[in-house]
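Residue numbers (this note's numbering), protein chains in the order written: chain A, 1489 to 1724; chain B, -5 to 239.
The set of hints was computed from the structure by calculation and includes no laboratory data.
There's no promise every hint is true.
Partner residues are not named here, just some residues of chain B that face chain A (Cβ under 8 Å, in silico) [said to hold, decoys possible]: (1) Phe42; (2) Pro117; (3) Thr139; (4) Leu145; (5) Gly148.
Calculated lysine to any residue pairs in the SDA-like style (CA-CA distance at most 20 Å, straight line) [stated by the list, open to error]: (6) A:Lys1584 <-> A:Gly1567; (7) A:Lys1584 <-> B:Ile214; (8) A:Lys1584 <-> B:Arg95; (9) B:Lys149 <-> B:Ser96; (10) A:Lys1584 <-> B:Phe49; (11) A:Lys1584 <-> A:Leu1636; (12) A:Lys1584 <-> B:Arg97; (13) A:Lys1584 <-> A:Gly1574; (14) B:Lys149 <-> B:Phe136; (15) A:Lys1661 <-> A:Thr1517; (16) B:Lys149 <-> B:Arg175; (17) A:Lys1661 <-> A:Gly1511; (18) A:Lys1584 <-> B:Gly98; (19) A:Lys1584 <-> B:Asp74; (20) B:Lys149 <-> A:Ala1533; (21) B:Lys149 <-> B:Asp168; (22) A:Lys1584 <-> B:Gly73; (23) A:Lys1584 <-> B:Ile132; (24) A:Lys1584 <-> B:Glu112; (25) A:Lys1584 <-> B:Ala187.
A virtual CB, placed ideally from N, CA and C, is assigned to each residue, including glycine.
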Amino acid sequence: MAVPAERQEPNRAEETDASTQLGDVRPWTMTEVAGHVASDLPVGACVNLGIGLPTLVPGHMPAGVEVLLQCENGMLGMGPRPPMGGEDPDRIDAGKGPVTIVPGGCYFNHNEAFAMIRGGHVDVSVMGAFQVSATGDLANWSVPGELLPAVGGAMDLAIGARRVVVMMRHTTKRGAPKLVARCTYPLTAAGVVRRVYTDLATAEITDGRFVVRAAAPGVTRDTLAQVTSAPIAWDV
Amino acid sequence: MLPANGSSSHEASVTDTRPLARIDKEVATPAQAVAGIGPGATVLIGGFGDAGVPFHLLQALADLGVGDLTIVANNAGTGDDGVAALIRAGLVRRVICSYPRSRGSVWFERRHQEGSLELEVVPQGTLTERIRAAGAGIPAFFTPTAADTALGEGKERRVFGGRACVLEEALSGDVALIRARRADRWGNLTYHAVGRNYGPTMASAARLTVVEVSEPVVEIGDIDPEVVVTPGVYVDRVVFVGTEN
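Can you build the whole structure from these sequences, using the hints too?
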């Protein structure tokens, strides 16, 4: 299946919802999706957030639930964006935006940051994606002929984090499915994604299927099947 | 590589009358700091985005004008400064980096489209580990990162514990250019926040390690040994450039 490429990063927080062609469906906003991701993070987990949409997650953590946000450029305990004027060029997140560090946080070098990731010390990695397959294959680093290849830490997180979840829109801006039987884009890693959170559904990847655990208002098994090119099991 | 007036001897004999026995790695200007870098050099460049980028050393290297460089860095530079200044000036033949696709990375994109710039994309963790390996005397290592992907093609593949891995080779530099916050005259370094990033690793992996620091160089003993991040043994030259980056 030829899937039109998005000419942008896998996910951009400012994009408008893409799944409005489905009649009565009322897609979740990506802010709501961020809340779904946040509410599934275990207390005390060490969490790495990819660039783009996953950066919405910290703003939706339930009050009082402590997690450790790991930033692969060398920070554990990443805090929110500083107030205007409080930016420090040496205190940025993976997307190069200004951040703060929370009490208890610490800095370390890049090599240690990636030893942490590749050595299995990150509990949850939340990433965006171009495509996710029903067997958990992840494609989120390259669109041949369309974008310069740029991998960053995606392959390290994909193989190193104990649990990899994806947060993305259910389809491309042109309506093509991003949940697929087999990825057509170059793989980041095979068989690593455990759960996907989209604006239409939350689904676990089990036995070569997307097992739907929650669906946005108005989404039925049939409407979801129209925009998903992979086997679906309905367990809402 | 010791400076001409340096000595690391702990057992200077009584007949040793060398007048300048102090180790002092400080040089006065960025131009002096990059002197001697030759054409075709492989240059390790610290930084992630703009954090920790040794902008002053990179400008001095661009001014030096030696070409045919291979540069190893996380990003391929944005705007007109830093890594972009070298690429803009046509001094770079090959870029080994993790994430060249950045907003404002116009000089990299232009030279790459012209076909005058080779690109090797390396997963970020593999990039830093390859550099670490070089500094630690490890010629190669296996990692599951990039196994069975396009970035693992052509590399030796082996399975360990049921997991596919690829062989990655150490990556050393002729020169490392990094930025730190504070140095003493022996080259012991501390950093500022995530500006640390590749600095400590790259410092260990080059034959000549050059550091720009944002605070005036201090006397030995002024940095608490408990907080030294990069031991001075890895550092050859230090230049104070001020807080402006």
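Hints the structure fails to honour: Going through the list in order, the structure violates hints 5, 7, 9, 16, 20, 21, 23 and 24 and respects the others.
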